[in-house]
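Trainee: As given, the protein sequences belong to chains A and B, one line each in that order. For the first sequence, this note's numbering begins at 1 and goes up steadily by one. For the second sequence, this note's numbering begins at 1001 and goes up steadily by one.
Because the hints were derived from the structure by calculation, they are not lab data. Remember, predicted model here, so these are calculated numbers, not experimental data. C-beta: ideal position from N, C-alpha, C; glycine also. Some clues are possibly wrong.
Part of the chain A face toward chain B, derived, beta carbon under 7 Å [to be verified]:
#1 M43
#2 L55
#3 L59
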Amino acid sequence: MIRVVLPPHLRTLARVDGDVELDVSATATQRSILDELETRYPMLRGTMRDHVTQLRRPLVRFFACGEDLSHESPDAPLPEAITKGSEPFVIIGAIAGG
Amino acid sequence: MSSVRVLVGTRKGAFILTADGARKRWKVSGPHFAGWEIYHVKGSSVDPNRIYASQTSGWFGQIIQRSDDGGKKWNTPGSSPEGLKSPDGTSKGESNKFVYDGVPGTHQWYDGTQHPWEFKRVWHLEPSLHDPEHVYAGVEDAALFESKDGGKSWTELSGLRKHDTGPKWQPGAGGMCLHTILLDPQDPQRIYVAISAAGAFRTDDGGKTWKPINHGLHSEYIPDPAAEVGHCVHRIALHSSRPNTLFMQKHWDVMRTDDGGDSWREVSGNLPSDFGFPIDVHAHEPETVYVVPIKSDSEHYPPSSRLRVYRGRTGGNEWEALTKGLPQRNCYVNVLRDAMSVDSLEPCGIYFGTTGGQVYGSPDAGDNWKPIVRDLPAVLSVEVQTLP
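Whenever a hint applies, use it, and build me the whole structure from the sequences.
Mentor: Encoded structure:
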């Protein structure tokens, strides 16, 4: 079970409270997590990555185990702690704009 | 008894203001979509309970929201929790997918170079006059989209963006936005749009082909003041009984056409400033027009720090200041292009919102004003629904 922490605005949009728990059958990567998230919550499509290019939106960041993975390959395997659910995969809106 | 519902989009959410036909006591609900920029909220004239909203964020992009019960409950079309449970698999989550048709191409950038078309947000939603499932969206970078399935999916009417003049279009200070969509109530094939800073355009075939309608506009701030495109049109408006007559608030100048935009003439007359953003027409008097003069394009506040709506009862040129109930000292707010609207009660009500968060209403065509609310976030848009 993978735990995902959404930023507050996306939590409201998806109508979820607290962390989201996902079963990701494939190897846990940024892409597989986002794919599963968007399947369960279609209203999130386009809010974290572009509909067409699938590139991360510029002011959205991905963190795991205290590391900023935003510039890692979306297909790079995530740390084991994420796969096991002991640490969450954190999606945040960058602090920008005042 | 009739009632009105005022739909207000702000920098930090949407608000819905309701009153009975007397328009004296108001209820305020909201914020809906708290913390998000709500560029526009507009209801269908065919089904007033159907309301569309453009919710947007620099972080998370564009969201389209839809209400089917007059603004009490909202859903992203096609991807609601209810939709997820439907057996027909309609939950595609594409209500916010605005993808330009084909290769987007380039337009002129601020420095004169060419810049790729990039979708940023929906500025204006215009529900069809005939079908609540059909709605148009004017977007930045300028293009026109439509949805025929209640906002679940969107298709570009790309004949506009692909017009030969497209590479000459350029952004205004607020971006290169398609901000006005006027549907001709007498001819379903005719649509007018306005783009900052390209100008006004018209289609007579339902959106397949378009022509610039800027003859007569004069803009000193562009190399050729009478160019075919490049004019910073802030807003256009029409009265449903006379769809060939349009009124325009341009960056500078208030203009009028009586031939569907083929030729324009200036009607700024005695206005204290002919710079401004919104313009609207009285619901029952097609020659009565409203504007809110703003001092200049570098000082976006009212002349003499007095907030005055100007009413022209002769189709322009002769304007009277409407001031009763509006601040007449130390006022430095702006009124943005989509932030004025009229109801169709008798007498006609008129409403506008300010960047200072006030929404003012007049139940008597502008003679007397009162703030309905004073302390909202900066108001981006105001629309009114007149309900039976």
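Trainee: Hint validation: A/L59 versus chain B, beta carbon distance must be below 7 Å. Holds or violated?
Mentor: 4 Å, holds
Trainee: At a threshold of 7 Å, is the proposed contact between A/L55 and chain B supported by beta-carbon distances?
Mentor: 12 Å, violated
Trainee: Hint validation: A/M43 versus chain B, beta carbon distance must be below 7 Å. Holds or violated?
Mentor: Since chain B brings a Cβ to about 4 Å from A/M43, closer than 7 Å, the hint holds.
This entry does not satisfy hint 2, going by the numbered hints stated previously; all others are met.
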